[in-house]
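S.K.: Given only the sequences and the hints, what does the whole structure look like? Please build it.
For the sequence shown, the residue numbers in the numbering used here are 106 to 780.
It should be emphasised that the hints constitute simulated quantities derived from the structure, not laboratory data.
It cannot be assumed that every hint is accurate.
[Said to hold, decoys possible] What follows is a list of derived Cβ distance ranges for each label pair:
1. Ser596 <-> Leu290: 27 to 35 Å
2. Pro575 <-> Ile733: 40 to 48 Å
3. Thr471 <-> Ser291: 48 to 56 Å
4. Thr497 <-> Gly455: 53 to 61 Å
5. Gln775 <-> Glu716: 28 to 36 Å
6. Lys193 <-> Lys414: 28 to 36 Å
Each residue gets a CB set at the ideal place from its N, CA and C atoms; glycine is no exception.
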Amino acid sequence: MTSIETKCADNIRILSAAMVEKAKSGHPGGAMGGADFINILYSEYLKFDPQDPHWHARDRFFLDPGHMSAMLYGQLALLGKYSIEELKQFRQWGSPTSGHPEVDVDRMIENTSGPLGQGHVFAVGSAISERFLASRFGKVVEHKTYAYISDGGIQEEISQGAGRIAGHLGLSNLILFYDANDIQLSTTVEEVTTEDTAKKYEAWHWNVITINGNDSNEIRKALDKAHAETERPTLIIGKTIMGKGAVQEGGENFEGKCSTHGQPLSKSGASFEQTIKNLGGDPENAFEIFDEVASYYEKVIEIKTDLAKKAKAEEEGWKNDYPQLAEKLEKFYARDTTAVDWANITQVDGAATRAASGKVMSHLATRLDNMIVASADLADSDKTEAFLKKTTAFQKGDFSGAFLQAGVSELTMAAIMVGMGLHGGVIPVCATFFVFSDYMKPVLRIASLMKTPVIFMWTHDSFRVGEDGPTHQPIEQEAQLRLLEKLKNHSGKRSFIALRPADCYETTEAWKFAIESVDRPVGLIFSRQNINEVAPSAQRLEDQSKLSKGGYIAVQNNESVDIQLIANGSEVGTLAEVAKILKSKYDLSSKVVSVPSEGLFRDQPKEYQNEVISEGVKSVGLTAGLPITLEQLVEGEVYGLDHFGYSAPASVLDEKFGFNPEGLAEKIVQKLEMV
106 MTSIETKCAD NIRILSAAMV EKAKSGHPGG AMGGADFINI LYSEYLKFDP
156 QDPHWHARDR FFLDPGHMSA MLYGQLALLG KYSIEELKQF RQWGSPTSGH
206 PEVDVDRMIE NTSGPLGQGH VFAVGSAISE RFLASRFGKV VEHKTYAYIS
256 DGGIQEEISQ GAGRIAGHLG LSNLILFYDA NDIQLSTTVE EVTTEDTAKK
306 YEAWHWNVIT INGNDSNEIR KALDKAHAET ERPTLIIGKT IMGKGAVQEG
356 GENFEGKCST HGQPLSKSGA SFEQTIKNLG GDPENAFEIF DEVASYYEKV
406 IEIKTDLAKK AKAEEEGWKN DYPQLAEKLE KFYARDTTAV DWANITQVDG
456 AATRAASGKV MSHLATRLDN MIVASADLAD SDKTEAFLKK TTAFQKGDFS
506 GAFLQAGVSE LTMAAIMVGM GLHGGVIPVC ATFFVFSDYM KPVLRIASLM
556 KTPVIFMWTH DSFRVGEDGP THQPIEQEAQ LRLLEKLKNH SGKRSFIALR
606 PADCYETTEA WKFAIESVDR PVGLIFSRQN INEVAPSAQR LEDQSKLSKG
656 GYIAVQNNES VDIQLIANGS EVGTLAEVAK ILKSKYDLSS KVVSVPSEGL
706 FRDQPKEYQN EVISEGVKSV GLTAGLPITL EQLVEGEVYG LDHFGYSAPA
756 SVLDEKFGFN PEGLAEKIVQ KLEMV
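M.R.: Structure, rendered in structure tokens:
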């Protein structure tokens, strides 16, 4: 007689195969192999409230191999989060059952997944957030974070950073299931790697358990051991069978085949109809939840609801005993930033914007108790040390501080912070050099798609890094981010905002915008070198609030202007000097326009845009990057770079690249034939 857990898992297998078959697209094999684990996890171990999916103390489950979406949709259908009709619309226009899952907490999907490796690193961020909150609020916020990873995710380089950091920090609240079915899309695993995965994770100080991943009793024992572990994260290596239950037309076994990975069973060499029969289903009605499975999950929902009610009742008692802590916890999850006194952040004219950023972070460290900052081994250079000096770095067993020493791992660090943002209750910030944003692009893209409020901070923003040379001098990086600014998310908003402030005052305002952004990631781009004063302090203090509009007139030396000079970042200060020379030497009136974010600027009314950048007036742009960075803002010449940098002092590079104010003024006048 088939046990109820096997019946449930077989039901998930049938639904997974049916979704892919009807869509004529998808990945049935892995979903069929992982059904046993997912069923035991959700029905017996995962803590959640069926009526309140956003409950802050719920366990989190992060799926890494998004191609196994059919497995997750099938499991959640048993819990009533997806209808049979929605399963039938798998991978179709307008359907919530997209090819790779997209974050939807209402339906118990914690993350968007697809690019292998990122999903389980989000889980590391979630686990760190839980430890951070638990150190401040205690048992009332405690929960487990589970992640599901496949062979491909293990092979992606990002898994090394995740394994190292989670083990180093002793995240015993993190449980990772590795679906080790030995099959990839086009090869077997042994054709790609013969590493000893268990020993690798043991070297990172993980608790490693190897089991038959299709045996419910072994799954339970492994999860029990993982729950009992108090010093280390746990990796459960589940030896599963790709395409479990698949057979051919004559009933011959067709399990463990590469062909079932990425196409419908009927195209793989298996028989869809015979496989459904083999699993106890009806090929004519494959989209069915068995009566006994439906009854079983009704009881599961009742049990989960009762457990959640008890936990929430305990929380109410805690709130009565600790009203101030309860209020603070509520503010954490509401991302309340009213404690920040922006007006009293004192800046120094002429400072590098990274130094100005440090002043802001020093203030935030004393006002935002839920802000977590990470740096990729650059705290002294990116000035996040100003925050670190007011707190301590995370250590194994001690999360009372608010700083993550991520080490040299920009991609992993970025994904961890996104995981923190998905978890909620914290304000995550991560920092490195701007040129290394290249390592982070895959994470920036998924964070933008998910609308996750993470602050990405980059310093050393131009060729003025100087002696470090072309490997460290960003040229094309800003243009890449401006492209991402143009990409809209599914809410129709710009999915990412990049702010490159012109001076210390804009830096404060840029931080204010980033901290108060709750529905998308924000990038802050700061200079290494000191920046010339753009205008007198009194005017700058008045102007800085205009940064939220993306662009504004920073300097105007006459009501009627002959030329408008457009830039962002340190080049605004350079153009302010050019404007003085144009006036004194050539009697040309000008205005200098600062556009720290073209995306925000384009979101303003057309009247405002025309007021700032006047139509019919000659324009010149200046950028330390590719000219294309400003070309859609400037109807005229954009001076920038079309080559890599060189190793030399910043002042020498300014001279050699034509960024000195005197030479620029002369070049502008000659080019535009204004004299």
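S.K.: State for each hint whether it applies.
M.R.: Hint by hint, here is what the structure shows:
1. In this structure, Ser596 and Leu290 meet the distance hint of 27 to 35 Å, their C-beta atoms being roughly 32 Å apart.
2. Separation of Pro575 from Ile733 is about 19 Å and departs from the stated range, judged on CB atoms against 40 to 48 Å.
3. A hinted range of 48 to 56 Å for the beta carbons of Thr471 and Ser291 is consistent with their spacing of about 54 Å.
4. For Thr497 paired with Gly455, a C-beta distance near 32 Å fails the hint of 53 to 61 Å.
5. Separation of Gln775 from Glu716 is about 29 Å and conforms to the stated range, judged on CB atoms against 28 to 36 Å.
6. Checking the proposed 28 to 36 Å range against Lys193 and Lys414 shows it holds: the Cβ atoms sit about 34 Å from each other.
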